[in-house]
Each structure stands twice: as structure tokens, then as C-alpha cells.
Amino acid sequence: MTFNPLEEKGIPLDDQTRNWKELNVEPYKKDRVHPYSRTRGILMNGIEVEAVMFSHQMHRNTLDPDVRKQLAQMRRIEQEQQKVINWLIPGDESTIEVTLGYEQLAVDLTAWLARHEPDPYLKQVYDFALLEDFDHLYRYANLYELIEGKKADAICSDLTEITPGRPTIFEHRHPHDEIRRPMTAPASEPQSVLNALTIVAAEQQTMNFYMTIGNRYQEPIARATYQEIGQIEEQHVTHYGSILDPSASWLENLVMHQWHECWLYWSMMQDEPDPRVKAIYELHLNMEIEHLRIACELMRKIEKRDPEAILPMKGFTEPLKLEPNKAYVREVLAKQVDLTASDSDFVPVSTLPEDDRYFEYQRRVNDQWVPTEEVIRQNSEKNGREYRLETEGPHPVPGLRGAPEDRHGEETDYARRSHPKAA
Amino acid sequence: MIADRGMGEPISLGAALAAGKKVPPDVTDLLAEDHETVLGWFDWYEAADNRTLKKRITQKICTALRAHMAAEEEIFYPEASRTSRDEELVQRALQEHRAAQGLIDRLEKARSVDAEHADLMRELRAEIEAHIDEEENQLFPEVLQSEMDRYAVGAAVAARRVDRMLELVAPRSTKAKSEQNVREYPVMQISKDVARHYFIMGLKNAHATAKNGRKMVELQIDRLERYPRLKEKLESHLREKDEQLERIERILEKQGEKPSAIKDAAMTLMANLSSATNAATGDEVLKNSFATLGLAKAEAAAFETLILFGQAAGADDALQPLQKCLSEERAMAAFIEDNLRGTGMGFLQLESQG
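The listed protein sequences correspond, in order, to chains A and B. Read in our numbering, the first sequence has 303 at position 303, and its numbers run on one by one without any break. Read in our numbering, the second sequence has 449 at position 26, and its numbers run on one by one without any break.
Errors might be hidden in some of the hints.
[To be verified] Using 30 Å as the maximum straight-line C-alpha spacing, the simulated DSSO-like pairs for lysine-lysine come out as follows:
(1) K615(B) / K681(B)
(2) K444(B) / K634(B)
(3) K656(B) / K69(A)
(4) K710(B) / K69(A)
(5) K304(A) / K720(B)
(6) K681(B) / K301(A)
(7) K634(B) / K301(A)
Everything labelled a hint here was simulated from the structure, so no lab data went into it.
The task is simple: from the sequences and hints, build the whole structure.
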């Protein structure tokens, strides 16, 4: 199966505008939607938000009035695409329910990308943050039970396990330790480029979402949990944003964005069970093919370069797939839960010296109380136990098992390092 | 080179960096980052379990090393030996490059990924590791102590490295025609002195043109009561013109030219263009628009050429201010073009009202 968007004919730009009736799509039914249908929508919303924001930034750095006009016209369409996709979410899905969708996406998207990342350094970049998003799902699932009295598997089904990852309390690192080494596009694997563009857009939208809706609850514990995890999203957008090629030109970036959108709509079409939503993805793909053609034309005209020479491959052969990754996540958990970051490298937390900036930063932010720990405590107190969904046996990390008797006195290196030194 | 191709925007990475559109790296950080990346790829090669992948990783390593070494040899080493004055260290680094290049040649020619291939890779890795060790522990500390402008050199190295990489990578996947496009950087023999001579001459002409242009804009403004949008734009352009004049004067001074030496000779081109402004007929607003558009385009062309000459003359700190002038003139021309319809229809409307 190969798909080359450069060989396809899209919908002329002037014909892409939709009316209000077409834009105001009927939302899905909350109790009937497939969890991965929900996450596909969340992903594509993030992709369109990135398309729009990127286009705005490029426009502000472009002097040519014609190019500005073309960007404006394409951007208006990207906005319509974003509206259609994001308006599939029904009004009766609560903010935490949408949030559970965001975090389920983060887990299964990142795991797929890690499994399909050819470059070992970049794979490590994905594995590292995977365990953190995995933990967020668990924290929000407990918040959901605490506040709305419902169980997260009503939203996520049993496709993704819900249990501690790298505990959020330990994820707060000094900003200097979030910078990774960038790719140089001409020397990168094509799949690496696609993967990076995908994760940056997805994490960025998660960041935007928590920035905006984190204050929509009255309960202090909910407001604080969104705040704390929201700051990790900032770390993740920095972490992933730093692997993108900083030497690429605006036009190169524009071509890459459009090309990448073609890959994703083509991917989403493959598995979408709802025919109505599938038709939307197909329609949007046909629009993106035209956007890609226009971007390529601009590059030829302005940079006098052949876009095909910079596109890393002729056609797409493998679609991105949202699917369960339970075994993979468990394997990464077992091996990497105790890693932290030091500059652009990943190292076991046990190897950091006592005066490392990591501990200093931890003391700063975790000083009084830590909402993501408190949410577990409160929910355990209310329901006599915390919420977990472990379908594949006990937690792979003994130190993170629920009941003290299952831990057999084990603890993680993180927990060990965080104890105050015995006098 | 500054490759401003028709829209006032720098095109190549080097041009974008020179014009301040990208933030340049400290050259030692950039090179150290490359070191870590390539060592990671050596690990990947060793861990890879199939030959196709090993071959691809080898290609990646060879390309990255070639681009990295080219940028070091052409830009970083000459600068390092000039500023740190440790010729011996630089010579040793160059020797190590030659040894590595020999191994890269052999690796790129190797037909199969076999035991010999693995040996060559091990040898290359050892060579690179020793080289990195020397660079990071001896040469870089000296560079950090020296007067080198590490950001200026970093910009040049980053640009050269990507250009070289594209030269190495793109031809394989490109048709002949576009290959020619990608390689639009012919090596030309240009004398710095000649470039400087014409750079200065061009600056003086640009100064005269700008002064004349300022006058022309000033003359128009008073008569534009009925065209408030245009008036407002021209007023802000008048301020831009003053800044342009100052910028040019500063560059000339930096080039050792006394301000008093700037003679603003009236130019033929200017005389022609501005004669239109003097004619006080009913349709003067239209004629003035045409003239201003022509002048803005002429000035943009002059600034574009000055940027080229400035770079050839090594006047790097002149490029950013000149790029600003260029952008302003482009924007001015674009404004008038965008408003020709409005101005024309407005004129007809006013005439119709009598």
C-alpha cells in the first residue's frame, strides 16, 4: 500500500469553503463512540491548530503580499477543518472526559511513534515522555472518579491500561534539561520527520487545552491538578519541539506541514469505523493535497528549489495507527521509569549528584503540596482505594504497585532519592 | 550568498541568518551537538540487526561527517587558527580529517556490509572519537578564550553544513533540472577590494536616491487631504526614509568614509521619476502613485544589490540594516500596488462629484 499525495489531484482552493450548516457537524454520541475514534479526532484537531498557528507565524514573517494572501486563504480553510473536527465532540462530554481522551491519545500515539522511530536517540525521546503521559492518564482517571464519581474505562474502555507511570511529582525538571538535540532534515529518516511533526502538534494542543480549560472547575484539587500537569505539557512541547530541524526555511516548513497533514488524513481514513467521520477525513485529505501542491509551487517559485528533493520519500507506505500498546508500555516502564534528563541526555536519577539542579528545582515546586499526589490520596480516601485499570497483571514496577503488601518493601529510585537524608 | 529572489526575503539559511531571521548558534555548541549525534548513530549501527539498515546508517554517518568536516575546514578552522593562534592544533585536526575521509571513501565504496565493513566502521569511530576528544578538550577551550565571534562563525558553519548536506543528499533524489537549482551557488572568484569599491559607490548612490525619494514623498503629502490612507502611509514612509539615510551614513562611516564625502548628486533616473511629481494637474495623485511605485522598486533593487556587494565585501554588520531598508521599500511598493484600484476608483469618484 503506497500513497503519494504529489500524484493525486485535490480540490481547487476556491471550492474548499464550506457554509455554516456544513461546518456545524452533528457531534458523536458520547456513549457509542469508539475510544480511538475520539482520540483520532483529538489528534487531527491538534494537527489543524498547528497548521493555523504555523501559518500565522509564517505570515508575520513574509513580506510578499501575494504569498500572504495565499497563506490567508489556506489558513481560512485549515480553520474550517479544525472547526469541523473539534465540533465532533459533544457538549455533554465533560471537560475531564475530553481530558481522558487527550491522555489516552498521548499514550497510544507516543507508543506507536516510539515503536516506529528508526533513530535510537529519537526513540529514547519518545519513550521518555511516554511514561509521563501514561502517568497523567492515571492521575486524571482518579480526579474523574473523585469529582464525577465515574470510572475512566467508560471513556477509554480497556484498550489502554491506567496505572502509575513515572510519577508526575518527579517529572518537574529544570528547563535547561528539556532541550534535546535537533535533527537536520536532509540527514534524517523520513519517518523521523513525520513522527516529530505529529508529536509536536499533539503535545502543543494538549498544552493549549489545559492552559484554557484548567480553570473551568470549582474544586481546588481539579484546578491544581490541571495546573501541575499543564506545566509538564510545557516541558513536553519544549522537549519535542527541540528535535525539529531549526535550520529549515519557512517554505520548507510549509511544504513539510502540508505533506505531513496528507499522511495523517490518509492514515486516519484507514481505520475510522464511523462512515460519516471517515468521509470528513477523506474530504480533508483532498483539500490537503491541494494545499501541498500550492506550497510546492511557492517553493519552486520563490526558493527555486524542487520540493520533491526535500520531501524525504516518494510516497507513504505505512499509515499511523491508533491501537493498544499495553505490552510495549509495560516494557518501557520496567526499564526506564527511573530515568531523568540531564541536558540533552537521559540518565538514571540515581546517578545525579546531590547538588544537581534537578533536586533544587524539585524542592522549589514541590515544596508545600503536590496536587497530583493529593488527588490520589483524596480519591483513595473517598472510595477506599485508588482507581487503576491493570488488565495484564500486576504493575511491572514492584515499587509502583498499589497495595503495600504487593510492593514487598520495594520502591523506585526516584522515591529513594526523594527521602530526606537520614541524619 | 544572500539569495533574495524577488520578494525581499532571504532564501538560503546563510542569508536568513545574516538578515537576522534565524538565531545563530555558538559554533562550539553546534559542533559538539553534531558530535553527540554521530556517536549515537555509531551505537545505532552496532545495534542494528540487518544489513540494509546498517548500510543506511553508514550513509547517514558519512553524509553528516562530510558536511560537518567541510564546514569546519572551510570556516571554523581558518577562524580558529587566526584567533587562537594555535596553528599546530588546527593542523592536527586537519590531518585527522584526512584520515577519516579516507575511511569514509572506502565505506561509501564498499559493496556489502560484512566483517570488513564492521572493521572499517570501528576504525572510523575510533578516529572520530579521538578527534572529538581533542577538539572538545583542547581546541574548543582555546576558542572560548579567544576573540572569535562564535555566533557569527556558528551562523556561517550552520549554513555551510546544511548546504553541503543538500549537495550530498539531494542529487540522488532529484531530477537534473532541479539539481541545478539546488546547486545555485557557483564558486566565483570575487575580489574583496573590488566588491568594497562598488559597495561604497552603491551606498553613496543609495543615499542620494533616498534623499531625493524623501523629498518626493514630502512634496506629495501636503496634497493628499482627500486620500487619508495614502497620506498616512506616506507619512510613515517619510520616517522610514530618515532612518534609511541614517543607516546608510552609519555604514559608510564604519567603512571609513567621512559623512562630508557623501555627495548627493542628482541622478538621471531620479530626475525622470520626480518630474512627474511637479506637474500639478488634476490627476497628479495617480501620477504620483506611479512614480512612487517606480521609485520604491528602483530603491529595492538597489538595496538588494547592495546586500550582495556588502556580503562579498565582508561587511557583515551592514547586511541587517540594509535588509531592513530593502524590506521597507518592498512593503512600500506592495502597499501602492495593493491600493492602485482604490486610488484609481477614488480619483474617478472625486472627479465625478466635480
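Each hint tested on the structure:
1. Pair hint K615(B) plus K681(B) holds up; C-alpha atoms about 21 Å apart against a cutoff of 30 Å.
2. The suggested pairing of K444(B) with K634(B) holds, with an alpha-carbon distance near 28 Å, which does not exceed 30 Å.
3. Taken as a hint, the K656(B) and K69(A) pair is honoured in the structure, with Cα atoms around 20 Å apart against an allowance of 30 Å.
4. This hinted pair checks out: K710(B) and K69(A) have alpha carbons roughly 27 Å apart, not beyond 30 Å.
5. For the given pair, K304(A) sits about 22 Å from K720(B) by alpha-carbon distance, which is consistent with the 30 Å threshold.
6. At most 30 Å may separate the alpha-carbon atoms for a hinted pair to count; K681(B) and K301(A) exceed this at roughly 42 Å.
7. The straight-line distance between the Cα atoms of K634(B) and K301(A) is roughly 34 Å, outside the 30 Å bound, and the hint therefore fails.
Hint violations for this structure: numbers 6 and 7, all remaining hints satisfied.
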